[in-house]
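S.K.: Residues per chain are reported as follows:
Protein chains: 2
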Amino acid sequence: MTTPQFDVIAIGNAIVDVMAPAEDTQIAQLGLAKGGMTLVDADRAAELYAAMGPAREISGGSAANTLAGLAALGAKCGFIGQVADDQFGQVFRHDINAGGIAFDTPASTGGAPTAQCLIFVTPDGQRTMNTFLGASQYLPPEALDDTLIASAGVLYLEGYLWDPEEPRRAMRKAIAAARAAGRKVAFTLSDSFVIARHGDDFRTLIDAGEIDILFANEHELASLTGREDFHEGIAALEAKVPTLVVTRSEKGAHAVSGGEHAHVAAEPVARVVDTTGAGDLFAAGFLFGHVRGLPLGECLRLGAICAAEIISHYGARPEADLADLIAPVIG
Amino acid sequence: MTTPQFDVIAIGNAIVDVMAPAEDTQIAQLGLAKGGMTLVDADRAAELYAAMGPAREISGGSAANTLAGLAALGAKCGFIGQVADDQFGQVFRHDINAGGIAFDTPASTGGAPTAQCLIFVTPDGQRTMNTFLGASQYLPPEALDDTLIASAGVLYLEGYLWDPEEPRRAMRKAIAAARAAGRKVAFTLSDSFVIARHGDDFRTLIDAGEIDILFANEHELASLTGREDFHEGIAALEAKVPTLVVTRSEKGAHAVSGGEHAHVAAEPVARVVDTTGAGDLFAAGFLFGHVRGLPLGECLRLGAICAAEIISHYGARPEADLADLIAPVIG
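Here the protein sequences line up with chains A and B, keeping their order. Residue numbering for the first sequence follows the working numbering, starting at 9 and increasing by one per position. Residue numbering for the second sequence follows the working numbering, starting at 9 and increasing by one per position.
Honestly, the hints are just simulated from the structure, not real lab data. Remember, predicted model here, so these are calculated numbers, not experimental data. Idealized CB from N, CA, C, for every residue including glycine. Check the hints yourself; a few may be wrong.
Claimed, not checked - The list that follows gives simulated cross-link-like pairs (lysine-lysine, DSBU-like), each with its CA atoms no further than 35 Å apart: (1) K84/A with K42/B; (2) K181/A with K84/A; (3) K42/B with K248/B; (4) K42/A with K84/B; (5) K248/A with K259/A; (6) K181/B with K42/B.
As the list claims (entries may be wrong) - Label-pair distances were calculated between CB atoms; the ranges are: (7) A335/B with R177/A: 52 to 58 Å; (8) A204/B with A41/A: 52 to 58 Å; (9) P114/B with D32/A: 33 to 39 Å; (10) A50/B with R177/A: 37 to 43 Å; (11) P303/B with Q37/A: 39 to 45 Å; (12) R52/A with T33/B: 44 to 50 Å; (13) G44/A with H271/B: 49 to 55 Å; (14) K181/A with A331/B: 52 to 58 Å; (15) N105/A with P114/B: 33 to 39 Å; (16) A115/B with N105/A: 25 to 31 Å.
Work out the full structure: start from the sequences and follow the hints.
M.R.: Spelled out as structure tokens, the structure:
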């Protein structure tokens with residue numbers, strides 16, 4: 009097995025986030041599931057956008073956010089995802105490339121526009137996401153290069169992208185390519201509603217030993233395992249997943265790897281502005297420690313530091329120099 | 009003369025700001041004029057964008073920023089400017105409308121894209137702007153409705169838009185319509201480089217008594233009057249302009265109206281993040297006080313409060329509730 013050329017290759021939604029502050033009353037009036045991610049069609053997206061206050065646009069997408077964090081920390085990364093040849097597609101590609109991440113999936117032409125996620129951020133910092141998948145849902149399995157997948161130490165997959173059929177087939181193909189090359193497969197469960205739709209698929213993958221590193225928050229852990237109790241949920245999965253990482257918002261995070269348990273407290277934040285991307289950046293910090301071979305507790309600590317940075321401002325892409333922030337930990 | 013239906017109608021660039029942090033060394037390497045606004049063509053815009061780090065997109069445009077502030081404070085506003093029928097045009101229109109501002113100029117089709125301003129923000133908070141005018145420079149004089157102009161107490165014009173020929177003709181037409189209806193004309197000088205190109209036009213307008221309210225910063229005042237000394241610059245203009253407002257960054261601002269002088273200190277800011285829009289929001293606060301008939305010193309104070317809000321975060325559109333912020337002043 010050759011030394012991997014990339015630390016992490018990720019497959020995920022190629023999305024531009026359109027975010028605006030909102031009151032809880034507006035979330036209720038619009039019939040939104042606060043704190044969750046809902047898929048919307050073009051008409052509903054237009055309706056929600058019309059109801060939204062003045063907004064700002066920042067590149068997003070769960071796995072892409074994680075790569076932005078990983079690259080800022082110093083990892084060598086590549087992204088696979090589908091944009092259209094429109095202005096948001098240009099914005100997404102620019103931001104990925106400007107972060108030093110390889111991204112060669114060609115833009116689609118003449119079809120659906122680049123994906124947008126309409127995010128309402130309430131005063132408590134929680135984000136309520138409404139995703140119009142657009143071009144992102146048409147990522148064809150043929151866009152995958154098995155050689156590229158085999159060239160990365162870790163293949164990272166975004167659960168959100170399990171919804172549309174073509175990317176799901178692409179991700180199944182990628183898992184096979186990674187495993188054939190002896191690489192690790194990391195998977196983030198993304199959202200409880202996604203688990204409600206695709207939990208059987210996820211449990212099948214896990215039972216078959218196809219997931220080496222699993223990221224979940226405590227709600228997703230409960231949805232996937234059917235255990236309300238956090239420790240019972242961990243116990244139900246730890247024998248099946250070589251590395252299990254569960255985030256618990258202000259209660260910190262927990263990881264189990266090869267029988268070893270580790271816990272980290274949440275990193276203090278002066279003011280939680282917008283929790284969009286908290287889990288994505290936690291995964292970035294953890295994975296960076298993992299690919300560098302750091303102890304489990306330090307991987308968690310890097311995750312907590314990166315998550316704290318992202319929730320202190322609008323948007324799910326880092327503003328501060330993450331490498332500076334983690335320097336005291338990695339020495 | 010009937011009571012105006014709008015407090016302020018503004019004519020300005022319809023621009024989406026694309027902003028990213030940058031180091032001073034990058035500003036130098038790219039040959040940019042730090043702190044200024046440079047007009048760029050499509051090729052140079054593409055070159056600068058490629059050199060730019062991961063960015064965020066927030067609606068901008070000097071006069072549009074001022075209206076966003078005015079509307080947030082409670083004024084009734086309308087905007088006139090040219091966008092194209094592309095995603096940035098939709099973003100610009102959404103943000104203007106979501107702020108409660110009337111905006112009926114139809115999008116152009118098949119021509120230049122919506123204007124973009126590539127803004128490099130250095131660690132000292134200063135912004136270096138590179139504007140690709142795109143559709144904005146083709147605002148046709150025919151897009152102006154004299155009845156609409158006559159329906160506003162104040163017509164507000166952006167100096168930046170004096171560069172391209174068609175909008176300049178449109179603004180001359182608007183000045184005539186406003187004056188014929190007995191309305192006030194407010195003008196912001198925008199930039200020293202604009203004055204270098206069009207100072208003669210501006211001085212002619214002022215000498216003819218066509219500008220009722222003039223906004224400038226101290227550098228623009230010096231460029232326009234040819235007087236390096238601040239007080240000499242004020243003295244050279246105060247007899248020609250009914251209301252003159254000059255901002256001086258951290259030194260506060262000065263206004264003269266009908267022989268009365270007033271000064272305000274800069275409002276304290278915990279950390280200057282990005283000065284983009286500082287002058288625009290100062291104008292918003294001042295004009296709001298002016299249309300409400302407040303004393304000159306209070307108008308300045310409202311300007312200082314709004315400017316302080318905008319420089320405490322990225323982007324030139326308000327994040328905090330400006331009406332709340334000024335409540336202690338207006339009672």
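S.K.: None of the hints should be skipped; say for each whether it holds.
M.R.: Hint check:
Of the supplied pair hints, the one linking K84/A and K42/B holds, its CA atoms being roughly 33 Å apart against a limit of 35 Å. Pair hint K181/A plus K84/A holds up; C-alpha atoms about 22 Å apart against a cutoff of 35 Å. Of the supplied pair hints, the one linking K42/B and K248/B holds, its CA atoms being roughly 32 Å apart against a limit of 35 Å. For the hint pairing K42/A with K84/B, the CA-to-CA distance comes to about 33 Å; that is within 35 Å, so the pair holds.
Our distance criterion of 35 Å between C-alpha atoms is met by K248/A and K259/A, whose separation comes to about 24 Å. For the given pair, K181/B sits about 34 Å from K42/B by alpha-carbon distance, which is consistent with the 35 Å threshold. A C-beta distance of roughly 57 Å is found between A335/B and R177/A, which places it inside the suggested range of 52 to 58 Å. Distance hint for A204/B and A41/A: a CB-CB separation of about 55 Å, consistent with the stated range 52 to 58 Å.
At about 37 Å, the CB distance of P114/B to D32/A agrees with the hint of 33 to 39 Å. For A50/B and R177/A, the hinted distance range of 37 to 43 Å is satisfied, since their beta carbons lie about 39 Å from each other. A beta carbon spacing of about 40 Å between P303/B and Q37/A agrees with the range 39 to 45 Å that was offered as a hint. Distance hint for R52/A and T33/B: a CB-CB separation of about 46 Å, consistent with the stated range 44 to 50 Å.
One distance hint, 49 to 55 Å for the beta-carbon pair G44/A and H271/B, holds here, with the actual separation near 52 Å. Taking 52 to 58 Å as the suggested C-beta distance range, the pair K181/A and A331/B conforms, at roughly 55 Å. Roughly 34 Å separates the CB atoms of N105/A and P114/B, a value that falls within the hinted 33 to 39 Å. Distance hint for A115/B and N105/A: a CB-CB separation of about 29 Å, consistent with the stated range 25 to 31 Å.
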